[in-house]
Structures are given as structure tokens and as C-alpha cells.
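Visitor: Top line first, the protein sequences correspond to chains A and R.
Going by the numbering used here, the first residue of the first sequence is number 1, and it counts up by one from there.
Going by the numbering used here, the first residue of the second sequence is number 1001, and it counts up by one from there.
Any given hint could be a false lead.
Below, computed lysine-lysine pairings styled on DSS-like, alpha-carbon distance capped at 30 angstroms [stated by the list, open to error]:
(1) Lys42/A / Lys1069/R
(2) Lys42/A / Lys1070/R
(3) Lys1069/R / Lys57/A
(4) Lys42/A / Lys57/A
(5) Lys57/A / Lys83/A
(6) Lys1056/R / Lys42/A
(7) Lys1026/R / Lys1069/R
(8) Lys42/A / Lys78/A
(9) Lys1056/R / Lys1026/R
(10) Lys57/A / Lys1070/R
(11) Lys57/A / Lys1026/R
(12) Lys1026/R / Lys42/A
(13) Lys1070/R / Lys1056/R
Some chain A residues near chain R, calculated using beta-carbon distances under 10 angstroms [to be verified]:
(14) Asn28
(15) Tyr31
(16) Ser48
(17) Phe61
Hint data in this document are derived by calculation from the structure and do not stem from the laboratory.
We treat Cβ as the ideally placed atom computed from N, Cα and C, and that holds for glycine.
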Amino acid sequence: EPEVTQTPSHQVTQMGQEVILRCVPISNHLYFYWYRQILGQKVEFLVSFYNNEISEKSEIFDDQFSVERPDGSNFTLKIRSTKLEDSAMYFCASALGWTRGTGELFFGEGSRLTVL
Amino acid sequence: SQQGEEDPQALSIQEGENATMNCSYKTSINNLQWYRQNSGRGLVHLILIRSNEREKHSGRLRVTLDTSKKSSSLLITASRAADTASYFCATADNYGQNFVFGPGTRLSVLP
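My request is simple: use the sequences and hints to build the entire structure.
Guide: Written out as C-alpha cells, the structure reads:
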């Protein structure tokens, strides 16, 4: 069964460093998302991406964050100048969309980011 | 914000009992979905209910939606230890594509 894959599964970085989290969404999906979850807490929406541009972003998604779909398969989240509070699990999700599917989100297993 | 809010925050039951979780939200929605998350894992879609539906079943799951009260409930019947997980509701706005999750209910099913 097709799945969303994320790399790395765990990344440890020093405060102030840049981090890139990578995702390979399901190949025929059209909508892409990043969420984050601080340990044991709620799942927070960061950004949605459709038709090669950001369709919506949350207050969390400030200038420190950026997303890219550099080719037909990868979807990346870049965090510039990481802060301690960026430590969290970051989830990528993709969806086929309403016109072609049910709108269900398919999640990857997450990338755990630890900022020291 | 359309964010869903689940209650209770935590629920502990014995195997074989039914578990009911509730979700409330604030704005008009296109659909509401329930997801499950095992500890340290990604979220897995359980069931979706559209705004024009009132009840939906899938196996041991039953979801209801009351748009007048802006609330939904997830019932898991005959629970098993393997149902132990966190359960989240997610609401999509009227465009149907941007999903916001509630804080979740942590369900513990004791053998």
C-alpha cells in the first residue's frame, strides 16, 4: 500500500543551525501538509501546499520556516536558525483531495527534531 | 479557529467496555475526521463524516455528528487492549482541504 515516507526519523541539532526535513508524499496526491507535535501534546498545523504554492499557513509558520517541492516527489520543510522550542515531532501528510478522493490525510511516521 | 476540542482528555476502561470520546468545534465545517495515534507513531485515519451526514459506522467504530451543536462523538464498542492510543478529531473548513486537530483523548484499555 502506498505510504508517506519521512527522513530523517530523528535529527539532533544545535540551536541556531538550519534543518531540512524531507517527505515523499504518495505519488498521485495533490495536497501536502506539515504538522508538528510537541511531546504528548496536540497536533499543530503548520502549512498546507497545493499547486506548487502555500495555500494556508498557521501563526507558527513564520519566516523561520519554508517549504519546497523541488521535484515531482519530495516535499521539504526547512527550519532556519533552530530554537530550543522547535524540538518536536514533525509530521508530513498528503491527500488526494475532494474531487478525486475522500479528503483523507495520509501521515508519515514523523521526524523527531531535538534542538540542543 | 475551527479547532476541534476532544473530551475527555484521558479515558481508562476495561477490555470489552465501550469507549466514547467527544469533539466540539467552533466554525462551519465541510467534514470531520477521526484519527488514531499509537505512542510515538504517525496518525492513522479512522473514519470521515461529512457535514450532511449524522451517523457513520465502520467495524467497531460509530461516529455521530451534530452540526447544530457543533459536536461529534466517536464510540468504540467492545474495546480491546490494542485500542489503547490517542484519538484526535480533525475538522476541515468549507473548502475541505485544510485540517485542524484537537488536543486528543488518550484512551487506555486495560486487559
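Visitor: Work down the list of hints and note, for each, if the structure agrees.
Guide: Hint by hint, here is what the structure shows:
no. : hint                  : verdict
1   : Lys42/A / Lys1069/R   : holds (23 angstroms)
2   : Lys42/A / Lys1070/R   : holds (20 angstroms)
3   : Lys1069/R / Lys57/A   : holds (28 angstroms)
4   : Lys42/A / Lys57/A     : holds (17 angstroms)
5   : Lys57/A / Lys83/A     : holds (19 angstroms)
6   : Lys1056/R / Lys42/A   : holds (25 angstroms)
7   : Lys1026/R / Lys1069/R : holds (9 angstroms)
8   : Lys42/A / Lys78/A     : holds (21 angstroms)
9   : Lys1056/R / Lys1026/R : holds (21 angstroms)
10  : Lys57/A / Lys1070/R   : holds (24 angstroms)
11  : Lys57/A / Lys1026/R   : holds (19 angstroms)
12  : Lys1026/R / Lys42/A   : holds (17 angstroms)
13  : Lys1070/R / Lys1056/R : holds (16 angstroms)
14  : Asn28                 : violated (16 angstroms)
15  : Tyr31                 : holds (6 angstroms)
16  : Ser48                 : holds (5 angstroms)
17  : Phe61                 : violated (12 angstroms)
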